[in-house]
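Peer 1: Guided by the hints, dock chain S onto chain Z, whose structure is given.
Protein chains: 2
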Amino acid sequence: MLFLIGLGLGGAEDITVRGMRAIETCTKVYLESYTSILKSYEEMQTLIEQFHGKELIEADRDLVEQGSDQILDDAATTNVALLVVGDPFCATTHADFFLRAKERGIGVSVIHNASIMNAVACTGLELYRFGQTISVPFFTDSWRPDSFYEKLGVNKANKLHTLCLLDIKTKERSYRLEDIMAGRTDVFLKPRYMTAPVAAQQLLEIEEEKGEGWATPDTMAVAVCRVGTETQKLAFGTLKQISELDEDVLGGPLHSLVVTGEVHEMELKMLELNKI
Amino acid sequence: MLFLIGLGLGGAEDITVRGMRAIETCTKVYLESYTSILKSYEEMQTLIEQFHGKELIEADRDLVEQGSDQILDDAATTNVALLVVGDPFCATTHADFFLRAKERGIGVSVIHNASIMNAVACTGLELYRFGQTISVPFFTDSWRPDSFYEKLGVNKANKLHTLCLLDIKTKERSYRLEDIMAGRTDVFLKPRYMTAPVAAQQLLEIEEEKGEGWATPDTMAVAVCRVGTETQKLAFGTLKQISELDEDVLGGPLHSLVVTGEVHEMELKMLELNKI
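Quick mapping for you: the protein sequence lines, in order, are chains Z and S.
Per the UniProt record's numbering, numbering of the first sequence is gapless, rising by one per residue and ending at 276.
Per the UniProt record's numbering, numbering of the second sequence is gapless, rising by one per residue and ending at 276.
Simulated from the structure, these hints should not be mistaken for lab results.
Check each hint, because a few of them may be wrong.
Because identical chains share one entry, a pair is satisfied inside a single copy or across any pair of copies.
Okay, derived cross-link-like pairs now, DSSO-like style, lysine-lysine, Cα gap no bigger than 27 Å in a straight line [said to hold, decoys possible]:
(1) K233 x K159
(2) K102 x K169
(3) K275 x K102
(4) K210 x K159
(5) K102 x K233
(6) K190 x K233
(7) K169 x K233
(8) K275 x K28
(9) K54 x K28
(10) K54 x K159
(11) K275 x K190
(12) K169 x K54
(13) K269 x K54
(14) K102 x K269
(15) K275 x K54
(16) K159 x K275
The shape of chain Z in the complex, shown without the other chains:
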């Protein structure tokens, strides 16, 4: 049996009691480190050892995507857990993994948890008034994708809020000439996480080009930082105000951004608790 166990948003303690009890039955426990870069590996290890005295195996992206036969081989004969940040199905990778287990006749048990897709309601904006979620990638000098602007437009035209998930770059290959010349494929850049101010700035730049009015300097938005953790920080203001926020005001990753649609009275009261 394969257990896909969601870890929620904060620290190790955000695992559910059901998740902990499933781990108890497992001979191997993997912690996915690709999507769980921000999770304290040590913190999780401590919690699991405290309860079960089990060793946690770090599973990086390659292991989950390419080497998952190893995990599935074990799951065919014994109980194995794969711990993932948020909810297990928030990443497409896990649907693939789920299917491969099913094809091999391996039982799969999914243990759900919170993810940014529902916890964003902590802003006070009502979940059923959100439209399609969009992803905002880092611009480069030569690559400035803008398809998300049109999706934002559809939401805004229908008075809906828009959750913007912001780019994360991990395991980027080093472009240093020395590394390329030496044929080194194991040198990676420091992970990069897009902040809410950068996302707001990119939206304003696209607005300049497109001019349809969906992301003007006066468009209201919420910077949503480290949701569900003890250092959670929200900041409600215009895209211009958010784009100008200092890094130390919002703090470290992960950030998301919500562009608001039509805001109802109760929503506004909640938003104003975190006005810039």
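Peer 2: Relative to the frame of chain Z, chain S by itself:
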């Protein structure tokens, strides 16, 4: 301090370790029974007693909406927990409660959990390809609201999936002549939960009237039953097929329905695991 603690979707064990540890610090623990009608009160009580030896206080809708001063009075001087099914902010009621606590200067800690809004990804449909969530109310002879049909249309026109939350009727007053004549306001009908087949049927009826093609007999959809519980059941087929499913095929409440938009290859593979 007031703790708003999400219980997730399944049984008592879906509470997080953080939630359990917060309860440990509380002098009073309320379980909201309005939105948590399907949660086994006894099961939760057992879990909490097992860990902490605390009594669970049932808080019905009236207590949360009107009588919440009592809960807030306690929270002003001691730690109090309110346990709610799903994620604490999925119901508007809790935003109101949150605001009232804030206005009184009471600290509020929110402990997130899974809700149908993210766990619906268990269908294999990708969350970032959903549009606005819609609510489908029970039709009566004289009341057939259809505003959700237009919202469905916006999603379908943009190739997006649509999560339909289905009506729940609890604490409906009895219309029996004897009760009305006796002025009895404390007699309630048995709770009613809309099933996926009824929702599919209502969508087909509105399609008949409107004829815009968003919910035809051939429109593909997924019946989503008791997500996150051990008896979870999914059924993928046309709206006509779902509308004709026997009650015992899908089992008891809660049901939701997803009307699919454009379906990608990996999504289709996942859906076909549960084909009717």
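Peer 1: Could you run down the list of hints and mark each one as holding or not?
Peer 2: Verification of the hints:
{"no.": "1", "hint": "K233 x K159", "verdict": "within (25 Å within a copy, 34 Å between copies)"}
{"no.": "2", "hint": "K102 x K169", "verdict": "neither (31 Å within a copy, 37 Å between copies)"}
{"no.": "3", "hint": "K275 x K102", "verdict": "between (48 Å within a copy, 15 Å between copies)"}
{"no.": "4", "hint": "K210 x K159", "verdict": "both (19 Å within a copy, 23 Å between copies)"}
{"no.": "5", "hint": "K102 x K233", "verdict": "between (40 Å within a copy, 16 Å between copies)"}
{"no.": "6", "hint": "K190 x K233", "verdict": "within (24 Å within a copy, 43 Å between copies)"}
{"no.": "7", "hint": "K169 x K233", "verdict": "within (22 Å within a copy, 37 Å between copies)"}
{"no.": "8", "hint": "K275 x K28", "verdict": "neither (46 Å within a copy, 32 Å between copies)"}
{"no.": "9", "hint": "K54 x K28", "verdict": "within (8 Å within a copy, 34 Å between copies)"}
{"no.": "10", "hint": "K54 x K159", "verdict": "neither (50 Å within a copy, 45 Å between copies)"}
{"no.": "11", "hint": "K275 x K190", "verdict": "neither (32 Å within a copy, 44 Å between copies)"}
{"no.": "12", "hint": "K169 x K54", "verdict": "neither (31 Å within a copy, 46 Å between copies)"}
{"no.": "13", "hint": "K269 x K54", "verdict": "neither (46 Å within a copy, 35 Å between copies)"}
{"no.": "14", "hint": "K102 x K269", "verdict": "between (47 Å within a copy, 11 Å between copies)"}
{"no.": "15", "hint": "K275 x K54", "verdict": "neither (45 Å within a copy, 39 Å between copies)"}
{"no.": "16", "hint": "K159 x K275", "verdict": "within (21 Å within a copy, 35 Å between copies)"}
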